[in-house]
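Number of protein chains: 2
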Amino acid sequence: MKIYNESLAKMKQIVDTYTSQTIDLEIEKTVSTIIQNVAKDGDEALRDYERKFDNVNLADFSIPEFQLEQALDEIDADLRAALELAKRNITSFHKQEIENSFVDVSTPGIMRGEKITPMASVGLYVPGGTAAYPSTIMMCGIPAKLAGVKRVVMVTPPQPDGVNPAVLAAAKLAGVDEVYQIGGAQAIAALAYGTETIAPVDKIMGPGNIFVATAKKQVFGKVAIDMVAGPSEIGILADDSADAREVAADLLSQAEHDKRARPMLITDSQSLATAVSNEVDRQLATLPRKEIASVAVSDRGFIAVMDDVADMFELMNTVAPEHLEVQLANPTQYLGMIKNAGSVFLGRYASEPLGDYVAGPNHVLPTGGTARFASPLGVYDFVKRTQFIQFDEPSLKADVKAITKLARTEGLEAHARAVEARFSSKGE
Amino acid sequence: MKIYNESLAKMKQIVDTYTSQTIDLEIEKTVSTIIQNVAKDGDEALRDYERKFDNVNLADFSIPEFQLEQALDEIDADLRAALELAKRNITSFHKQEIENSFVDVSTPGIMRGEKITPMASVGLYVPGGTAAYPSTIMMCGIPAKLAGVKRVVMVTPPQPDGVNPAVLAAAKLAGVDEVYQIGGAQAIAALAYGTETIAPVDKIMGPGNIFVATAKKQVFGKVAIDMVAGPSEIGILADDSADAREVAADLLSQAEHDKRARPMLITDSQSLATAVSNEVDRQLATLPRKEIASVAVSDRGFIAVMDDVADMFELMNTVAPEHLEVQLANPTQYLGMIKNAGSVFLGRYASEPLGDYVAGPNHVLPTGGTARFASPLGVYDFVKRTQFIQFDEPSLKADVKAITKLARTEGLEAHARAVEARFSSKGE
Numbered sequence: 001m002k003i004y005n006e007s008l009a010k011m012k013q014i015v016d017t018y019t020s021q022t023i024d025l026e027i028e029k030t031v032s033t034i035i036q037n038v039a040k041d042g043d044e045a046l047r048d049y050e051r052k053f054d055n056v057n058l059a060d061f062s063i064p065e066f067q068l069e070q071a072l073d074e075i076d077a078d079l080r081a082a083l084e085l086a087k088r089n090i091t092s093f094h095k096q097e098i099e100n101s102f103v104d105v106s107t108p109g110i111m112r113g114e115k116i117t118p119m120a121s122v123g124l125y126v127p128g129g130t131a132a133y134p135s136t137i138m139m140c141g142i143p144a145k146l147a148g149v150k151r152v153v154m155v156t157p158p159q160p161d162g163v164n165p166a167v168l169a170a171a172k173l174a175g176v177d178e179v180y181q182i183g184g185a186q187a188i189a190a191l192a193y194g195t196e197t198i199a200p201v202d203k204i205m206g207p208g209n210i211f212v213a214t215a216k217k218q219v220f221g222k223v224a225i226d227m228v229a230g231p232s233e234i235g236i237l238a239d240d241s242a243d244a245r246e247v248a249a250d251l252l253s254q255a256e257h258d259k260r261a262r263p264m265l266i267t268d269s270q271s272l273a274t275a276v277s278n279e280v281d282r283q284l285a286t287l288p289r290k291e292i293a294s295v296a297v298s299d300r301g302f303i304a305v306m307d308d309v310a311d312m313f314e315l316m317n318t319v320a321p322e323h324l325e326v327q328l329a330n331p332t333q334y335l336g337m338i339k340n341a342g343s344v345f346l347g348r349y350a351s352e353p354l355g356d357y358v359a360g361p362n363h364v365l366p367t368g369g370t371a372r373f374a375s376p377l378g379v380y381d382f383v384k385r386t387q388f389i390q391f392d393e394p395s396l397k398a399d400v401k402a403i404t405k406l407a408r409t410e411g412l413e414a415h416a417r418a419v420e421a422r423f424s425s426k427g428e
Numbered sequence: 001m002k003i004y005n006e007s008l009a010k011m012k013q014i015v016d017t018y019t020s021q022t023i024d025l026e027i028e029k030t031v032s033t034i035i036q037n038v039a040k041d042g043d044e045a046l047r048d049y050e051r052k053f054d055n056v057n058l059a060d061f062s063i064p065e066f067q068l069e070q071a072l073d074e075i076d077a078d079l080r081a082a083l084e085l086a087k088r089n090i091t092s093f094h095k096q097e098i099e100n101s102f103v104d105v106s107t108p109g110i111m112r113g114e115k116i117t118p119m120a121s122v123g124l125y126v127p128g129g130t131a132a133y134p135s136t137i138m139m140c141g142i143p144a145k146l147a148g149v150k151r152v153v154m155v156t157p158p159q160p161d162g163v164n165p166a167v168l169a170a171a172k173l174a175g176v177d178e179v180y181q182i183g184g185a186q187a188i189a190a191l192a193y194g195t196e197t198i199a200p201v202d203k204i205m206g207p208g209n210i211f212v213a214t215a216k217k218q219v220f221g222k223v224a225i226d227m228v229a230g231p232s233e234i235g236i237l238a239d240d241s242a243d244a245r246e247v248a249a250d251l252l253s254q255a256e257h258d259k260r261a262r263p264m265l266i267t268d269s270q271s272l273a274t275a276v277s278n279e280v281d282r283q284l285a286t287l288p289r290k291e292i293a294s295v296a297v298s299d300r301g302f303i304a305v306m307d308d309v310a311d312m313f314e315l316m317n318t319v320a321p322e323h324l325e326v327q328l329a330n331p332t333q334y335l336g337m338i339k340n341a342g343s344v345f346l347g348r349y350a351s352e353p354l355g356d357y358v359a360g361p362n363h364v365l366p367t368g369g370t371a372r373f374a375s376p377l378g379v380y381d382f383v384k385r386t387q388f389i390q391f392d393e394p395s396l397k398a399d400v401k402a403i404t405k406l407a408r409t410e411g412l413e414a415h416a417r418a419v420e421a422r423f424s425s426k427g428e
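Protein chains in written order, with full-length UniProt numbering: chain A, 1 to 428; chain B, 1 to 428.
Note that these hints are calculated values from the structure, not bench results. Check the hints yourself; a few may be wrong.
A pair counts as met if it fits within one copy or between any two copies, since identical chains are not told apart.
[To be verified] The list that follows gives simulated cross-link-like pairs (lysine to aspartate or glutamate, EDC-like), each with its CA atoms no further than 20 Å apart:
#1 K259 with E410
#2 K115 with E99
#3 K217 with E26
#4 K217 with E28
Values in this document were obtained by computation on a predicted structure and should not be read as measured data.
Given these sequences and hints, build the entire structure.
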């Protein structure tokens, strides 16, 4: 792994590698046509596209409930136990994200408040093949159900040997209500606009290829969408107290996801830097996905040696990594210094994969520096707020002068007249 | 106003008029070029575009702090008092939206939690001319400051006679930290990518024309953006107890915003329907903005007469209006029936413009049916969450079997080895 010994200012330039996504007008157009056709022709268009893109003739898209139950019964006992442990912990953690409506009646005559309401329905896109992760289905479905969403719909591209039983079992455990075998931009269109078979949803989430991502952007506004997820990242802050073998293993756990994944170590120890770099090479040699991980390590990974802990945190906040491990002595004391990160792993035994699977916090996290403004997926992603006010006559009367002044300053006469109508006689 | 006497099913079809935004590839391309040039050439590109699009030669974009203070001193006393009343009430309402970090240490050996952190900086786009509303600046700036955002930046197109003093005064009261006279797609690009003068922000909000809206969509991912706001809407649920004159006045208060604004009355009273329709015509005659309001009323407005209150609410939830007035006897009893609305006004004295200006709740609200999944602008829009976990050795050990089972099921061997590294001897 490349080791940098640079100033903080120089390192900030090196890590700021955001590049704007170029818009591919051909893909935009193709996707736009697919969406229009599905919106217009419904199931028939879906069948046409599935024939064209996935080479399948589907009489019925839907996977019935009993097949989910069957999958759950069929998977091996250890896998089932692991999924159930994950479910318990994801549930107990995310319950704490449930928010309450509030009402303020501190001023006599005035009631003001905000009400939390779950979305009626959400859709989850699950990619096909080896990218279909049962754990992600749990991470999406459980918070949605805790939020009170009545209808959680999953779509996934049809597979030659049928949908992976582990995926169906996870869907069952997560409380998914409907599953359809459709994929690509046409699946996103169906979720947004609905067809004869599939009722439309209010929000669409989940990763996918460029067609899926483009379709999600195009239906944004008609429905809500989650963030567009980028390649995995792990940033590790470590000092001499850290174990080079464990640090290297954790860097590789994210490097194996994607050739564009980004493993990063920021340290104040030159000796740890060298030891981790050597360990990464040693461990890479026996890794099944070494072809992927080695590209991530050499193209996108780095080790930065900084002067002190303050600089280490400042650089890490600039990176705003998806996953952040704090492998420093007394790690909890640094929580206040972390401004930008998706999920934080404190100390030696909070290895990143613990959070991916069973610890309870979410693993759908902001990537590509978006932790500056975005949050992990949570219960709050599946509710919306509605404000409300009630005023009695004297309370409105006391505000008429201010309201009409502001309305007329903004050139909005009908606004002023509306409140005045409450206090003027008929016919005026 | 058009009065419908149709079934609920038929009315649902009539109100569901969402049309997908067609993508104008020419505009996309123009905007993409502007963004790339500003990202590359910074201030110089900004100056070029301001010369080209706004016909001004700007040596310095920034409006210094003292000009904001001066504007606040110069506006008339009634306007200042009204803005200060608005500020007090917006502040007291939005304080209640401030959320707390949480920590869960209910399982010995395990700490899990979620930390709330304000965004470092946000940008507010304020359109020029008569569309520059001082009230909107307060509605955006105050929640951002309550969230703890250190740097709130406002951009607004240069005006022939200088920026409206009411706008500058509102910016001062709202706590805006920096103001720049730039507009259009180039202003959005500057906020997203930064220039020599303007440091980049983490989130961009505020309304604008098609170039501004397209630019916001294109920089989405590099920064966060708010929803793309559509024309104003007001939905009124009223029975025979309502005053036709007041209902009509409130409908017109939104109709005057935009020819595409949507005034809607849903009632169970044929006589109220007729009376409101007549009142709308009568009041329109003397309205300064009658040319705009009359188009909104005739093209987009409607009155629906339904069989009962249950159908009235079901239809209104389908519409999901930005503003919802409940002009029914005992209005608070219906709060639980409201699923989709931005802001709710209960009873005769909660006239919609009260909420636009001084009541305290926000007036930046979801439009176009997006209240199904979106919320009013609030303090929660200016923070993000970061999860954290700490496990001790026995706690991780207890989960190793489940983690490695799930990791290997998903084909992620390096994930499994990372947690195993904590419990195996060196060299293994």
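Verification of the hints:
no. : hint           : in the structure
1   : K259 with E410 : between (54 Å within a copy, 17 Å between copies)
2   : K115 with E99  : both (10 Å within a copy, 15 Å between copies)
3   : K217 with E26  : both (15 Å within a copy, 18 Å between copies)
4   : K217 with E28  : both (10 Å within a copy, 14 Å between copies)
Hint violations for this structure: none, all hints satisfied.
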